[in-house]
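**Student:** Sequence:
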Amino acid sequence: QVQLVESGGGLVQPGGSLRLSCAASGRIFGINTMGWYRQAPGKQRDLVARITNGGSTNYADSVKGRFTISRSRDNAENTVYLQMNSLKPEDTAVYYCNVVSSWGKIDWGLGTQVTVSS
Numbered sequence: 001q002v003q004l005v006e007s008g009g010g011l012v013q014p015g016g017s018l019r020l021s022c023a024a025s026g027r028i029f030g031i032n033t034m035g036w037y038r039q040a041p042g043k044q045r046d047l048v049a050r051i052t053n054g055g056s057t058n059y060a061d062s063v064k065g066r067f068t069i070s071r072s073r074d075n076a077e078n079t080v081y082l083q084m085n086s087l088k089p090e091d092t093a094v095y096y097c098n099v100v101s102s103w104g105k106i107d108w109g110l111g112t113q114v115t116v117s118s
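Count the sequence shown with my numbering and you get residues 1 to 118, in order.
It is worth saying that the hints were derived from the structure and are not from the lab. From the three backbone atoms N, C-alpha and C, an ideal C-beta is built for every residue, glycine too. One or more hints might be untrue.
Straight-line C-alpha distance at most 27 Å; calculated DSS-like pairs for lysine-lysine [as the list claims (entries may be wrong)]:
#, residue 1, residue 2
1, Lys43, Lys88
2, Lys43, Lys64
3, Lys88, Lys105
4, Lys105, Lys43
Derived DEER-like restraints, expressed as beta-carbon distance ranges [what the hints assert, rightly or not]:
#, residue 1, residue 2, range
5, Gln44, Gly104, 13 to 23 Å
6, Phe29, Ser118, 13 to 23 Å
7, Gly65, Gln44, 15 to 25 Å
Given the sequences, and given the hints that come with them, work out the whole structure.
**Tutor:** Rendered as structure tokens:
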């Protein structure tokens, strides 16, 4: 079992920045990919960015050039970060941390709200 703890959401003005963090603990040895998804009201949950063990990254077209995903690892925790710059009102959503193990198991965090508004 993997436990995921997200932090860093909040209210920010358009053009501002936020940094999300997600700490994974527990059965982390099998984690392959870590990432972030988001879900706005009335919309489906979509990929924002993900990063593999090897450091390969994928981004949604809507966030390329503005968001950066990164990852750190130690014996007890894997942590994934999402640096979000030049935020827009359309970035408003609940952001969910996601991890995928090498055997295909998927775990989700509880989500953190990001609101971009003046």
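**Student:** Falls inside 15 to 25 Å, the C-beta gap from Gly65 to Gln44?
**Tutor:** Given a distance of about 23 Å, which is inside 15 to 25 Å, the answer is holds.
**Student:** So does Phe29 sit 13 to 23 Å from Ser118, Cβ to Cβ?
**Tutor:** Hint violated: Cβ distance 44 Å, outside 13 to 23 Å.
**Student:** With respect to the beta-carbon atoms only, verify the hint that Gln44 and Gly104 lie 13 to 23 Å apart.
**Tutor:** About 21 Å separates the Cβ atoms of Gln44 and Gly104, which means 13 to 23 Å holds.
**Student:** Tell me if the straight-line CA distance from Lys105 to Lys43 falls inside 27 Å.
**Tutor:** Distance of about 24 Å is within 27 Å: holds.
**Student:** What's the verdict on Lys43 and Lys88, does the C-alpha distance respect the 27 Å limit or exceed it?
**Tutor:** Since the Cα atoms of Lys43 and Lys88 sit roughly 17 Å apart, the hinted pair holds (cutoff 27 Å).
**Student:** CA of Lys43 to CA of Lys64, is that 27 Å or under?
**Tutor:** holds, 20 Å
**Student:** For Lys88 and Lys105, compute the direct alpha-carbon distance and say whether it is at most 27 Å.
**Tutor:** violated, 33 Å
In the structure shown, a violation is registered for the earlier hints numbered 3, 6, in ascending order.
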